[in-house]
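Peer 1: Respectively, the protein sequence lines represent chains A and B.
Take our numbering: the final residue in the first sequence is number 188, and no numbers are missing along the way.
Take our numbering: the final residue in the second sequence is number 764, and no numbers are missing along the way.
By construction, these hints were calculated from the structure, which means they are not laboratory data.
Computed from a predicted model, the values in this text were never measured in an experiment.
There may be inaccurate statements among the hints.
Simulated crosslink set (DSS-like; lysine-lysine; CA at most 30 Å straight-line) [said to hold, decoys possible]: (1) A:K43 / B:K389; (2) B:K713 / B:K560; (3) B:K764 / B:K566; (4) B:K394 / A:K74; (5) B:K389 / A:K61; (6) B:K452 / B:K499.
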Amino acid sequence: MKKEFTLSIFTENRIGILNQITIIMTRRQINIESVTSSESAVKGIQLITLVVRTTDDMIRKVARQIEKIIDVVKVFVHNPEEIVYQEIALFKVSTKSLLTGDIIDHLVRSHNIRFLDITSEYMVIEKTGHKNEIIRLLNELEPFGILQYARSGRVAITKQVKELDAYLKEMDEILHNENEKEEFEMIK
Amino acid sequence: MSDSEKKSFDGNVPEQITGAEAVLRSLIAEGINTIFGYPGGAIIPIYDHLLNFQDKIRHILARHEQGAAHAAQAYAMVTGKPGVCFTTSGPGATNLVTGIANAFLDSVPVIFITAQVVSGLIGTDAFQETDIIGISMPITKWNCQVKRAEDIPSAIARAFYIATTGRPGPVLLDITKDAQTEKMNFSYKKCTYIRSYHPHKPLKTKEIESAAILINHAERPLIMAGHGILISKAERELKELAEKTGIPVAVTLLGLSCFPTNHKLYVGLLGMHGNVGPNKLTNEADLIIAIGMRFDDRVTGDLMRYAQQAKIIHIEIDEAEINKNVNVDIEINNDAAEVLRYLIPIVNQNSHERWLREFRVCDKIEYDTVIKPEIKPKSGPIKMGEVVNAISELTQGSSIIVTDVGQNQMSVARYYKFTEPNTFVTSGGMGTMGFGLPASIGAKIGRPEKQVIAFLGDGGFQMTIQELGTILHYKIPVKLIILNNFFLGMVRQWQDMFFNKRYASTELVNPDFVKVAEGYNIPGKRVSTREELIPAINTMLNSESAYLLEVMVEKEGTVMPMVEPGASVSEVKIKK
Chain A
1 MKKEFTLSIF TENRIGILNQ ITIIMTRRQI NIESVTSSES AVKGIQLITL
51 VVRTTDDMIR KVARQIEKII DVVKVFVHNP EEIVYQEIAL FKVSTKSLLT
101 GDIIDHLVRS HNIRFLDITS EYMVIEKTGH KNEIIRLLNE LEPFGILQYA
151 RSGRVAITKQ VKELDAYLKE MDEILHNENE KEEFEMIK
Chain B
189 MSDSEKKSFD GNVPEQITGA EAVLRSLIAE GINTIFGYPG GAIIPIYDHL
239 LNFQDKIRHI LARHEQGAAH AAQAYAMVTG KPGVCFTTSG PGATNLVTGI
289 ANAFLDSVPV IFITAQVVSG LIGTDAFQET DIIGISMPIT KWNCQVKRAE
339 DIPSAIARAF YIATTGRPGP VLLDITKDAQ TEKMNFSYKK CTYIRSYHPH
389 KPLKTKEIES AAILINHAER PLIMAGHGIL ISKAERELKE LAEKTGIPVA
439 VTLLGLSCFP TNHKLYVGLL GMHGNVGPNK LTNEADLIIA IGMRFDDRVT
489 GDLMRYAQQA KIIHIEIDEA EINKNVNVDI EINNDAAEVL RYLIPIVNQN
539 SHERWLREFR VCDKIEYDTV IKPEIKPKSG PIKMGEVVNA ISELTQGSSI
589 IVTDVGQNQM SVARYYKFTE PNTFVTSGGM GTMGFGLPAS IGAKIGRPEK
639 QVIAFLGDGG FQMTIQELGT ILHYKIPVKL IILNNFFLGM VRQWQDMFFN
689 KRYASTELVN PDFVKVAEGY NIPGKRVSTR EELIPAINTM LNSESAYLLE
739 VMVEKEGTVM PMVEPGASVS EVKIKK
């Protein structure tokens with residue numbers, strides 16, 4: 001049975017690494033639902049977070065194949081219940097229609113939104129939450145005419161702090177030792 | 189000659205050298221003395237410097253980049269040293285693709301160095317520019333574009349470290365033309381550590397101890413030995429383990445030659461055209477000890493009906509291969525030789541005579557039904573197995589045997605009696621037709637003291653036939669046997685068995701191969717009768733130069749037994 005998995009992939013910051021990862025997903029016909037990439041807590045190490053839907057068996061195989069990529073440091077596979085995660089969405093809505101609709105009070109209270117910008121023509125609304133919460137807001141705003149809408153990929157933190165934290169600490173130590181050892185230069 | 193080039197002959201590294209010279213000095217530092225390749229516009233600076241290093245590096249000019257790639261791979265397979273292959277940008281690079289993929293699937297360390305257009309032109313669709321980094325990404329263990337001369341030594345050091353450690357594989361460095369001409373200060377340091385890559389894992393002693401318990405209690409255990417035994421140089425350990433425990437040993441196609449075929453515990457070849465015993469009894473074993481192999485579909489047949497009754501121990505250096513195709517009971521993600529050295533002292537002395545006899549019963553049936561009529565036919569046209577068997581006997585199983593792909597390959601795998609490790613060079617995972625001829629060149633250059641014999645089909649031979657030019661050019665004394673049936677034999681066999689005998693595009697109209705060889709100054713002979721065969725083989729084996737022997741074999745030959753596609757290994761068909 002297909003389930004949702006969140007992959008936390010720690011990599012060297014090297015051009016093309018995302019391509020190498022997606023090639024593996026493509027071969028197995030796995031659609032990537034969201035992707036975010038940023039520097040991790042360890043300096044010089046990138047964290048790529050992927051959300052995919054596939055089977056237990058497949059994710060295990062794919063994770064090992066991703067970890068085999070030379071510049072991938074480590075792959076963690078998480079079930080939704082093992083992580084705290086969030087996405088962010090921005091909406092641009094016509095000011096006039098929102099004001100006539102008289103729902104701003106309701107939106108703020110029940111969706112916990114923020115206004116980032118308000119002009120006479122449009123308002124920019126920020127909503128953070130899970131995908132379904134964002135979609136609910138999207139549906140509610142739709143009648144008022146959405147001028148623009150953009151939703152980010154997922155960022156995730158594990159609940160079970162031990163594994164990842166211990167690992168990051170270990171990474172930090174390795175990096176520290178290496179700096180002393182005369183580091184092997186990465187090719188840029 | 190410039191001052192810096194003069195200095196280079198004294199062995200001193202001049203203060204500032206070009207990137208091109210740094211490439212060669214780096215390769216020399218890695219112990220490389222042979223390179224296969226083909227020049228072109230973007231790589232001229234490197235080739236130019238080759239002239240200054242002729243005393244240290246021999247360059248073999250192939251006749252097509254694919255040929256250079258296969259030769260470099262075969263060189264690596266017989267020497268245990270990484271192969272090196274140079275080509276230019278654009279078509280030079282793309283012509284390597286089949287060769288790279290072939291080395292990747294068969295875990296062979298080859299360093300491919302392609303040139304790239306000057307860095308300022310990358311991305312502009314410049315003349316002979318191609319994105320070889322993107323193209324080769326899924327078929328290399330690692331690849332990297334180098335745009336600055338100063339990065340060349342460290343990139344090459346990394347390339348060698350990655351290609352040769354862990355599960356070996358091809359790597360590709362794409363070096364821009366300006367990086368080749370730019371000056372730099374040269375110093376070389378071998379790479380021994382990459383923080384994101386840990387090929388050497390701590391020995392899984394707990395798992396090995398559990399494995400020993402299973403082995404000690406098994407009544408019908410079977411060892412499956414793969415290419416990993418040869419790569420890890422664990423042949424002696426494998427023999428020791430088998431002899432101590434009395435466990436029969438079957439091998440995969442690329443595992444051939446890792447265990448002597450005349451050993452009393454050797455039970456034969458696994459897979460689609462393997463022997464009856466190991467295939468059938470895979471489904472009757474109570475324990476399978478798989479070492480350095482990856483349960484390829486050609487070995488397992490239908491996975492749902494594969495060894496369901498057996499416990500499986502998988503000793504494999506590549507973690508991604510464990511539980512990929514077959515779910516195993518004990519995974520030991522370590523180097524084969526290290527595991528076996530720890531395992532041997534903790535297993536019990538044992539013998540499995542009754543179990544072994546079951547293999548011999550299968551052997552007898554296979555011999556009477558398939559092998560004997562194939563290797564010792566009394567009448568009718570010459571058979572492929574007959575040729576292979578004759579050469580096996582005449583060379584006492586000690587030559588280096590290279591094959592192309594298809595029926596010629598399967599006949600060799602079945603009937604050549606290998607006695608020494610690393611004497612079988614074939615294209616396994618990729619099944620690349622056209623591999624054989626260039627591979628025989630690489631094998632002979634790697635091991636000039638050995639007799640190198642290539643078995644080629646009339647189809648595959650013509651896919652890389654231009655490499656006869658390389659044999660002519662360097663006077664490479666390889667022995668070529670064309671098993672000519674005027675058909676793409678293996679495809680024909682499938683059409684015969686599974687496509688209602690509809691032989692779509694498999695019949696060939698061939699040239700006179702002996703005459704073609706003659707054009708390349710290679711002596712040869714065509715034989716079509718049984719009486720001529722042995723004398724002709726002897727002439728070929730005794731020839732000082734290269735030799736081409738064309739044997740007209742049975743047109744309708746079928747390689748049997750066969751585990752038909754979709755069938756279970758236990759359903760191995762003995763007769764068509």
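Peer 1: Does each hint hold? Answer for all of them.
Peer 2: Here is how each hint holds up against the structure:
1. A:K43 / B:K389: holds, 25 Å
2. B:K713 / B:K560: Roughly 27 Å separates the two Cα atoms, so the pair holds.
3. B:K764 / B:K566: holds, 20 Å
4. B:K394 / A:K74: holds, 23 Å
5. B:K389 / A:K61: holds, 19 Å
6. B:K452 / B:K499: Cα-Cα ~24 Å, so holds.
Taken one by one, the earlier hints all hold for this structure without exception.
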